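Undergrad: I would like the entire structure built from these sequences, with the hints used as guidance.
Protein chains: 6
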Amino acid sequence: MSTATPVSRFPVPELNDLPDDIREKILAVQEKAGFVPNVFLALSHRPDEFRAFFAYHDALMLKEGGSLSKADREMIVTATSARNGCLYCVVAHGALLRIYAKNPQVADQVAINHRKADITPRQQAMLDFAIKVCLDSAAVGDADYEALRAQGFEDEDIWDIASITAFFGMSNRIANAVSMRPNPEFYLMGRVPR
Amino acid sequence: MSTATPVSRFPVPELNDLPDDIREKILAVQEKAGFVPNVFLALSHRPDEFRAFFAYHDALMLKEGGSLSKADREMIVTATSARNGCLYCVVAHGALLRIYAKNPQVADQVAINHRKADITPRQQAMLDFAIKVCLDSAAVGDADYEALRAQGFEDEDIWDIASITAFFGMSNRIANAVSMRPNPEFYLMGRVPR
Amino acid sequence: MSTATPVSRFPVPELNDLPDDIREKILAVQEKAGFVPNVFLALSHRPDEFRAFFAYHDALMLKEGGSLSKADREMIVTATSARNGCLYCVVAHGALLRIYAKNPQVADQVAINHRKADITPRQQAMLDFAIKVCLDSAAVGDADYEALRAQGFEDEDIWDIASITAFFGMSNRIANAVSMRPNPEFYLMGRVPR
Amino acid sequence: MSTATPVSRFPVPELNDLPDDIREKILAVQEKAGFVPNVFLALSHRPDEFRAFFAYHDALMLKEGGSLSKADREMIVTATSARNGCLYCVVAHGALLRIYAKNPQVADQVAINHRKADITPRQQAMLDFAIKVCLDSAAVGDADYEALRAQGFEDEDIWDIASITAFFGMSNRIANAVSMRPNPEFYLMGRVPR
Amino acid sequence: MSTATPVSRFPVPELNDLPDDIREKILAVQEKAGFVPNVFLALSHRPDEFRAFFAYHDALMLKEGGSLSKADREMIVTATSARNGCLYCVVAHGALLRIYAKNPQVADQVAINHRKADITPRQQAMLDFAIKVCLDSAAVGDADYEALRAQGFEDEDIWDIASITAFFGMSNRIANAVSMRPNPEFYLMGRVPR
Amino acid sequence: MSTATPVSRFPVPELNDLPDDIREKILAVQEKAGFVPNVFLALSHRPDEFRAFFAYHDALMLKEGGSLSKADREMIVTATSARNGCLYCVVAHGALLRIYAKNPQVADQVAINHRKADITPRQQAMLDFAIKVCLDSAAVGDADYEALRAQGFEDEDIWDIASITAFFGMSNRIANAVSMRPNPEFYLMGRVPR
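Residue numbers (my numbering), protein chains in the order written: chain A, 1 to 194; chain B, 1 to 194; chain C, 1 to 194; chain D, 1 to 194; chain E, 1 to 194; chain F, 1 to 194.
In short, the hints are calculated from the structure, not lab data.
Fair warning: there could be bad hints in the mix.
Unchecked claim - Calculated pairs, DSS-like style, for lysine-lysine (alpha carbon to alpha carbon, straight line, at most 25 Å):
| # | chain 1 | residue 1 | chain 2 | residue 2 |
| --- | --- | --- | --- | --- |
| 1 | A | LYS25 | B | LYS63 |
| 2 | E | LYS32 | E | LYS102 |
| 3 | A | LYS63 | B | LYS63 |
| 4 | E | LYS25 | E | LYS70 |
| 5 | E | LYS25 | F | LYS63 |
Stated by the list, open to error - Pairwise CB distance ranges (calculated):
| # | chain 1 | residue 1 | chain 2 | residue 2 | range |
| --- | --- | --- | --- | --- | --- |
| 6 | D | LEU15 | C | VAL192 | 49 to 59 Å |
| 7 | D | LYS32 | B | ALA150 | 43 to 53 Å |
| 8 | E | ASP118 | D | PRO11 | 15 to 25 Å |
| 9 | D | LEU27 | C | ASP155 | 24 to 34 Å |
| 10 | D | GLN124 | B | ASP48 | 56 to 66 Å |
| 11 | C | PRO6 | B | GLY65 | 34 to 44 Å |
| 12 | B | GLY34 | C | ARG9 | 54 to 64 Å |
| 13 | C | ARG9 | D | ALA33 | 35 to 45 Å |
| 14 | C | PRO19 | B | GLY34 | 50 to 60 Å |
| 15 | C | ASP155 | D | LEU135 | 24 to 34 Å |
| 16 | C | ASP155 | D | PHE35 | 25 to 35 Å |
| 17 | C | LYS32 | A | GLY66 | 41 to 51 Å |
In this text, all values refer to a predicted model and were calculated from it rather than measured experimentally.
Virtual Cβ for every residue (Gly too), placed ideally from N, Cα, C.
TA: Here is the structure:
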């Protein structure tokens, strides 16, 4: 688990020194992805925070039900993380967005300017709301709910959009503050048709 | 658990309908505080998110070790939540700040303008950093770490400041998006000398 | 008139050294309020400015006629002073707002996020306009007048809202520049039911 | 006193209907300037506010003593009023600045970009501070005082700079809110060498 | 071609040392205007950039056809250059605007606050769009096109407004970065009726 | 030259209908790149602007001399175009940056947050300056020149950085206003090692 370039400003424990549950979670993701995304390594420095972070992440991103697709969720993450200038999250979640959407261009599009992206009007409304929650949540009000309902979103979906934005707004701030680096593997994922 | 004014835009489950662990946590806080802060009720609508939220909260706010006092932690929450225009968090955590700091004025001071607050230079530096993480985390860099170290903060403290800011930045966005209302009890807590 | 903590960055004259009219005004407010709000002391350093300041203040805040209640006026002051980060004015006028509105929560609400405050739609429109005058007066136009008229405001009321906002925008800038400190008495005023 | 274009959104009383002191002040300025600046007409709609406004104005702008020249004072007004997008004040006080400074270019320079103006380093520091008071007074602190003292300003001068900025910030907001129009005479004043 | 005050931070070649086409263009403008605007001198330091700059300038500003008058074009330049704080362009193109519009006041009006200027609703819409392209082009969308079409603009006119704004946004940035100074002659041009 | 998705909001002439010089330039770029970047097609709608645009582009980007490498130039374009939210320029010039820098990650890094990019301190200073010219050119001053000279830049390099930023700031605004779409080929260019 040595890395040529540092994972973040903080030390990363040896795998053997980690609590069992955390080591197992890390080995599982390595098994699945072929590498360990740095967010797992960086947060393993703080086991309790690691557990809560991924529990929250999974509750929002692996949630059953609701009308947000996996691609929708990653699109929210990519677009709002770009507004927060978070290198780790745009690169890592942009990769997931490309894969779930089976679209090699959409992650760059929503990161740079979602208004010019090849997405549906429903997704435009979803991102408009997510970006408002990201940048000016104090101004969210009834009109925002109405705009989303007009696109067919249920109130439970609105909770999801807001919470995903809020959770990754937290993740963006942590990643920026500790200089978490994206793994090189993410940059190319989902860009080349198999 | 009926409330004259709504807890948030979303429904709150009956206490009896909640999973045992959540009901017990709510009853425990009611026992301790004399009332149930609305954030427990609002999030009980989503049990998995409730569990992760409070696990993360406790990992950061009840953490042993480090040089941040409980008052320092609540000061970070109050100052940054004010920047995010979050009524719930400023009112609720301002109350906790007054109590932990044994100071009836400091919460209003850091919420309105921390530069004019009666706090130490170390706390000024702590809040300067927290507000930067809150408003412009993409610009955080070495100079920010140096400024905090010059005030005697360890790097682990810096992680704490950043993570508390980030976690409550999430909380602020959720509270604003769902219109979470502060309990009336918070407004006066810690203001009147006993 | 010695003070443990300074009133501002500038010296405060002895009461006996002040011109008669200013000394009398200060003694009158002390008689009425039980203490001398620091703005009287801070500005007594400049007698001509003191006189003009309070003449303007009284013309706007003690004005007969118009449809703005005393609570409305203090609500404008509290909400806009918060946007300007003015500790003195939020604390002092928040106290007056609580008293006039007979509402211990409303000052904190409009200072933190007026959109989440328990106020009428008419007051929401009043504060929306006041905050626009406060933050971006160059953009005020016909549509703003129409929005206020739709809530029943006369044009003379609009003059009042704009002028109160403008006057306290001046007061906020002076208070911030000279570090005017709120008297400790203000923090608790109007919070505890008698 | 009829005007082809309106003075503001609000009615202007007939000269004969005004209180004596206000009519006399208006006639005096007409005698001196050759025309009545619209700010006198617009504010005559509210006699008490008229009196307080000009009393404050005169206390700051006609003040004896201190190290700010008349040109310095008008330079502060012109530069900060431009930041507030106030047509009346930039045009009217830009005219006064040109006359007092005997410089036909300086008003346009400080209105557009004071950093490129042909002014002294002392005046640059004065405008840097004034613009900070204008745009972000909550951030004013010790370092700002030090920077001005380093240019030879006394603390009383700093009070003057801050108060002039604050007073005209009020004036800018009122003028923008009521659409006060500058008299055509101002545009050319001080531009043509006599 | 010696100048008492510098043209910019960069050296200006002697007229005789310039390529023929550039020297001839400079002599032609001197013949026509009576002086050489400093932008010609400043850019002559880079002949290839000089040629491309003026070719682009002429394509946009001397263009035949379309519904934008010469005054309209200079009005766009003046209003947007003011938003960019470009002393050279506001002073130089404000002069041209006064001349083409035969209006000694309009340049100051649109530079300070176009909403308060004595211009047509069509020109207001034109400047609203230009300022949006200037300050937030990423947000331009269908609604902006509709608003302009509603005022009678063809899509080709919209291209012109956007391109003029964009070209002078480039010019503003170069002028600010190299400290290009406006010639003194511009300040008074078009202000005095002949 | 038919395209499934539109090149921009404006029509693209048939190749045969274009002036000879423009058609030849388009055929040459197609020969070299294997496709015609949409900026050539979009601007061919306006031949004179096309010619001036590419003459200026080539003067800045193909310039001999100076210390900016081709990768440096494209890095400036990528970083500043991201700040302007220009999809076309980030995607197209990010591709060129990857190729010139022989680095598949650097374009995403500088587009998202140049402070976290794997670039030299000299490039950091270059981008700091470029982004200041992009976002706040009115504030550029001596200190910015000093910071660049301290990294070994000559004043002629500073002109280059400023002019490249300014030129692509123009390009960004045009592309955003006319909705210029990047060719799909750009997204993957330079990402896969050959």
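Undergrad: A separate judgement is required for each hint: does it hold in the structure or not?
TA: Hint check:
1. A:LYS25 x B:LYS63: holds (23 Å)
2. E:LYS32 x E:LYS102: Status holds; Cα separation ~19 Å.
3. A:LYS63 x B:LYS63: Roughly 29 Å separates the two Cα atoms, so the pair is violated.
4. E:LYS25 x E:LYS70: holds (21 Å)
5. E:LYS25 x F:LYS63: Cα-Cα ~23 Å, so holds.
6. D:LEU15 x C:VAL192: 49 to 59 Å: Check passed, 53 Å falls within 49 to 59 Å.
7. D:LYS32 x B:ALA150: 43 to 53 Å: Given about 58 Å between the Cβ atoms, the range is violated.
8. E:ASP118 x D:PRO11: 15 to 25 Å: Holds, since ASP118 of chain E and PRO11 of chain D (Cβ atoms, about 21 Å apart) stay within the stated range.
9. D:LEU27 x C:ASP155: 24 to 34 Å: holds (28 Å)
10. D:GLN124 x B:ASP48: 56 to 66 Å: holds (58 Å)
11. C:PRO6 x B:GLY65: 34 to 44 Å: Since the Cβ atoms of PRO6 of chain C and GLY65 of chain B sit about 38 Å apart, the hinted range of 34 to 44 Å holds.
12. B:GLY34 x C:ARG9: 54 to 64 Å: violated (43 Å)
13. C:ARG9 x D:ALA33: 35 to 45 Å: holds (37 Å)
14. C:PRO19 x B:GLY34: 50 to 60 Å: holds (53 Å)
15. C:ASP155 x D:LEU135: 24 to 34 Å: holds (29 Å)
16. C:ASP155 x D:PHE35: 25 to 35 Å: holds (27 Å)
17. C:LYS32 x A:GLY66: 41 to 51 Å: violated (59 Å)
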